[in-house]
Structures are given as C-alpha cells and as structure tokens.
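Trainee: Chains as they are written, first to last, in this note's numbering: chain A, 1 to 90; chain B, 1 to 89.
Calculated directly from the structure, the hints in this document are not laboratory data. Check each hint, because a few of them may be wrong.
[Stated by the list, open to error] Pairwise CB distance ranges, derived in the manner of DEER restraints:
| hint | chain 1 | residue 1 | chain 2 | residue 2 | range |
| --- | --- | --- | --- | --- | --- |
| 1 | B | P48 | A | V41 | 26 to 32 Å |
| 2 | A | D51 | B | R5 | 18 to 24 Å |
| 3 | B | E45 | A | E71 | 20 to 26 Å |
[As the list claims (entries may be wrong)] Stretch by stretch, here's where chain B covers chain A in the computed footprint (C-beta under 8 Å, at least three residues):
| hint | stretch |
| --- | --- |
| 4 | 16–23 |
| 5 | 29–37 |
| 6 | 41–48 |
| 7 | 77–90 |
[Unchecked claim] Partial selection, computed: residues in chain B whose CB lies under 7 Å from chain A:
| hint | residue |
| --- | --- |
| 8 | V10 |
| 9 | V11 |
| 10 | A14 |
| 11 | K15 |
| 12 | S16 |
| 13 | A23 |
| 14 | L30 |
| 15 | F33 |
| 16 | Q85 |
All C-beta atoms, glycine included, are put in the ideal place defined by N, C-alpha and C.
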Amino acid sequence: MQFAIVKGTVVATQKVSHLKGRALKVMVPCDDQRKSIGDPVVAIDPIGARDGDLVMWVGKREASLVFSDAELANFYPVDAAITGIVDDIS
Amino acid sequence: MILARVKSRVVSTAKSDRLPSRAMLYVEPLPEFGTEGMIAIDGVEAGPGDLVLVMQEGTGARQVVLEDPSQPMPAQAVIVGVVDQVNQA
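So here's chain B without its partners, still in its complex pose:
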C-alpha cells in the first residue's frame, strides 16, 4: 500500500458496467511513494485534501468494494483508509 493525497473527484457516466457505483478519486502519491497519480475507488468516504492509504491489487480491491468478490471488476486501486497521523522514526 502507499500513502497518497486525494486531489479531486472523477465523474464518469459512460463507464464499464463492471465498475461499482462508488466514488472515484484522483490521488497523487506522496513523493516518497511514487510520482504517478491514479484514479482510485473510494472504500472509506474520503474526500479531496485527505491523506489516504491506497491499495493497488485487483483481488483485494474486489474484497473491499464488491458485495460478491467473486465477480470481475476492472480496477486495482482502492482507498482503504484515511490517515490521521504518520509517526516517523
């Protein structure tokens, strides 16, 4: 998983019916975790400005987002937590 900052909300009407009707957020990794932003499905009601935990694996994504994880879903990145605090040694 990586830490990322939510930048904006993504709206798409014409989308795959295999994607869940959940909010999609554009997130940018903190510099330590990468450079390329991505669209993540929101599993925790996060919003722009939030520091979030992003998981990027398809099977885990289905577990978080779908009622029936045995259904296919063409997405990898899911926001699995809103970070309150990071303590660095």
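Pulled out of the complex, with its shape left as it was, chain A reads as follows:
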C-alpha cells in the first residue's frame, strides 16, 4: 500500500456495470511527509475519504479485493482502491 492525499471526486454517470454506485476519488500519491511522489491516480473509494484526507491505497490486482462482496477470483475492473484513512504516522 502507499500513502496519498485525496484531491477531489470524479463523477461518471455512464460507466461499466461493475463500477455502478462506486465512489471514485482523485488522489496524489505521497510519502510519509505528505510530499507528492508521482502523478495523480483515480481510485475506487469504499471507505468514504474526504478531500485533503491522508489515505492508504493499494494498486494492481489486489485493488479489486476491497469490495466487501468481492470473491478472491473476481474480475472487477479496478486497479487502484483506497483501503483506509490514516489517523497517525508515528
């Protein structure tokens, strides 16, 4: 997983059926000092993060496993997903 800061929300009415009802967020990957490290990414957000939140997210195939109804062998078209809102780094 990586850190990122949520920068905004994406609204897409017309999308593939698997993504219906799923929130999409724009976020910028960052390090533990909140310093940007790379280009923005659009991620599925099942947690409900808000703009400015420091979140953790997962990429690649494991992103599809955040859905609570996702089986291990699923084919959700997702390559980035927010997995949690970070309270503290100590």
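The hints should help you fit chain B onto chain A, whose structure is shown.
Mentor: Here is chain B on its own, set in the frame of chain A:
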C-alpha cells in the same frame, strides 16, 4: 523480496474490513532496492529502525497474514523477516 528500513507505525481506524487487525509499518527500501516507500503489514513483530525483509505479492501476503488464505485481502506488501545481518561478497 527487498530489504527495507522501518520508518514509522501507521494508524488507521476507518479502514477496509478486509484488512487484518495487524500492525502496519511504513518502510523505505534500501537505496539498492528502490526509492519509493510503502505501507507493509507486519508479519513478524518488527518495529521502527529495524532492517526488514519485505515481500510484495498479494497471494503470498494472504498466506502469511490470514488464518484462511482463501479469503480476499487488498494488500501486497508484508514484512516477512527482521534482518540480523547481510554479508556481501
């Protein structure tokens, strides 16, 4: 797997219920192994300052961390060892 240094502990209350209730640590690869830090699930009770072995593959991660590895888990990186010593030729 890569060698990395544990920098800090990560605390998250609002997180995916698919993630295990285990410690999460922010690790930074040794320069030879990469530049980008990551959040790894702790499989070995490591702590800040430790030099650790980090495995970055989802299926293996489930084997290490979950009681039932057939359950989904949205994470890849797991700390699988605390390194005592590296001998370089």
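Trainee: For the hint 26 to 32 Å, verify it against the beta carbon of P48 of chain B and that of V41 of chain A.
Mentor: With a Cβ separation near 27 Å, P48 of chain B and V41 of chain A satisfy 26 to 32 Å, so the hint holds.
Trainee: Under the criterion of a CB-CB separation shorter than 7 Å, is L30 of chain B in contact with chain A as hinted?
Mentor: Hint on L30 of chain B: violated, closest Cβ of chain A at ~16 Å, above 7 Å.
Trainee: Should the interface hint for Q85 of chain B be scored as holding, given a Cβ-Cβ cut-off of 7 Å against chain A?
Mentor: violated (27 Å)
Trainee: Is the hint on A23 of chain B kept, meaning its closest Cβ partner in chain A is under 7 Å away?
Mentor: violated (11 Å)
Trainee: Given V10 of chain B as an interface hint, is its Cβ closer than 7 Å to any Cβ of chain A?
Mentor: It holds, given that the least Cβ distance between V10 of chain B and chain A is near 6 Å, below 7 Å.
Trainee: How about S16 of chain B: closest beta carbon in chain A under 7 Å, or not?
Mentor: holds (5 Å)
Trainee: Check whether three or more residues of the stretch 16–23 of chain A sit with their beta carbon closer than 8 Å to a beta carbon of chain B.
Mentor: violated (count 0)
Trainee: Do at least three Cβ atoms from the stretch 29–37 of chain A come closer than 8 Å to Cβ atoms of chain B?
Mentor: holds (count 3)
Trainee: Between the stretch 41–48 of chain A and chain B, are there enough contacts, at least three residues with CB-CB distance under 8 Å, for the coverage claim to hold?
Mentor: Our answer is that it holds, as 3 residues pass the Cβ test (under 8 Å) against chain B, meeting three.
Trainee: Hold the hint about F33 of chain B up to the distance rule: shortest CB distance to chain A must be less than 7 Å.
Mentor: Violated, about 16 Å.
Trainee: With a cut-off of 7 Å, does the beta carbon of A14 of chain B approach a beta carbon of chain A closely enough for the hint to hold?
Mentor: A14 of chain B check passes; min Cβ-Cβ to chain A is 4 Å, inside 7 Å.
Trainee: Does the hinted range 20 to 26 Å hold for E45 of chain B and E71 of chain A at CB?
Mentor: 31 Å Cβ-Cβ, so the 20 to 26 Å window is violated.
Of the hints listed earlier, those the structure fails to meet are numbers 2, 3, 4, 13, 14, 15, 16, in rising order.
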